[in-house]
Amino acid sequence: MYYAIQGLALIFVLALYLVLRKSKSSKSQSGYFKDKIGDPIPSLPEDTRFRRFTNGKEISDQGAKEFGERPFLVRNGRHRELIISHPSHIKDFYMQDAAGE
Numbered sequence: 495m496y497y498a499i500q501g502l503a504l505i506f507v508l509a510l511y512l513v514l515r516k517s518k519s520s521k522s523q524s525g526y527f528k529d530k531i532g533d534p535i536p537s538l539p540e541d542t543r544f545r546r547f548t549n550g551k552e553i554s555d556q557g558a559k560e561f562g563e564r565p566f567l568v569r570n571g572r573h574r575e576l577i578i579s580h581p582s583h584i585k586d587f588y589m590q591d592a593a594g595e
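In the working numbering, the protein residues as written are 495 to 595.
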């Protein structure tokens with residue numbers, strides 16, 4: 495009986511840990527990347543992990559169609575990647591980095 499209670503307590507603690515970890519990571523990533531005026535950088539909704547190798551041009555065209563000349567994010571599995579297509583984007587990105595933002 496004692497081991498059953500211990501087992502249930504362990505399962506409860508692990509489940510609670512996973513729920514809190516998931517909610518913390520989703521809150522911290524929401525709006526984390528911002529442009530030079532402080533607006534969140536838009537992102538494509540689907541994961542491009544494998545599609546990027548066979549349909550890279552289509553992904554670029556989709557981003558340009560939805561966001562114009564603005565930089566945008568794509569998901570690569572659980573990571574997000576910044577897509578920049580103009581020299582001014584590179585300058586803006588490194589200026590913010592140099593300022594410690």
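Please keep in mind that the hints were generated in silico from the structure rather than gathered at the bench.
Cβ atoms here follow ideal geometry from the backbone N, Cα and C, with glycine treated the same way.
Accuracy of the hints is not assured; some may be wrong.
Now the in silico label distances, taken between C-beta atoms and shown as ranges [what the hints assert, rightly or not]:
hint, residue 1, residue 2, range
1, 533, 575, 16 to 22 Å
2, 559, 585, 36 to 42 Å
3, 586, 550, 39 to 45 Å
4, 513, 563, 36 to 42 Å
5, 533, 506, 37 to 43 Å
6, 573, 500, 19 to 25 Å
7, 502, 584, 50 to 56 Å
8, 497, 531, 38 to 44 Å
9, 552, 574, 25 to 31 Å
10, 580, 545, 20 to 26 Å
11, 532, 552, 29 to 35 Å
12, 559, 502, 51 to 57 Å
Here's how the hints hold up against the structure:
Between residue 533 and residue 575, the C-beta spacing of about 19 Å keeps the proposed range 16 to 22 Å intact. With their beta carbons about 24 Å apart, residue 559 and residue 585 fall outside the hinted range of 36 to 42 Å. Between residue 586 and residue 550 the C-beta distance comes to about 23 Å, which lies outside the given range of 39 to 45 Å. Distance hint check: the CB atoms of residue 513 and residue 563 are about 40 Å apart, consistent with the given range 36 to 42 Å.
Between residue 533 and residue 506 the Cβ separation comes to about 41 Å, which falls inside the hinted range of 37 to 43 Å. Roughly 37 Å separates the CB atoms of residue 573 and residue 500, a value that falls outside the hinted 19 to 25 Å. For residue 502 paired with residue 584, a C-beta distance near 54 Å keeps the hint of 50 to 56 Å intact. Separation of residue 497 from residue 531 is about 59 Å and departs from the stated range, judged on CB atoms against 38 to 44 Å.
For the pair residue 552 and residue 574, the beta carbons lie near 19 Å from each other, so the given range of 25 to 31 Å is not met. Here the CB-CB span from residue 580 to residue 545 is close to 23 Å, well matched to the stated 20 to 26 Å. The given range of 29 to 35 Å is respected by residue 532 and residue 552, whose C-beta atoms sit roughly 31 Å from each other. Roughly 52 Å separates the CB atoms of residue 559 and residue 502, a value that falls within the hinted 51 to 57 Å.
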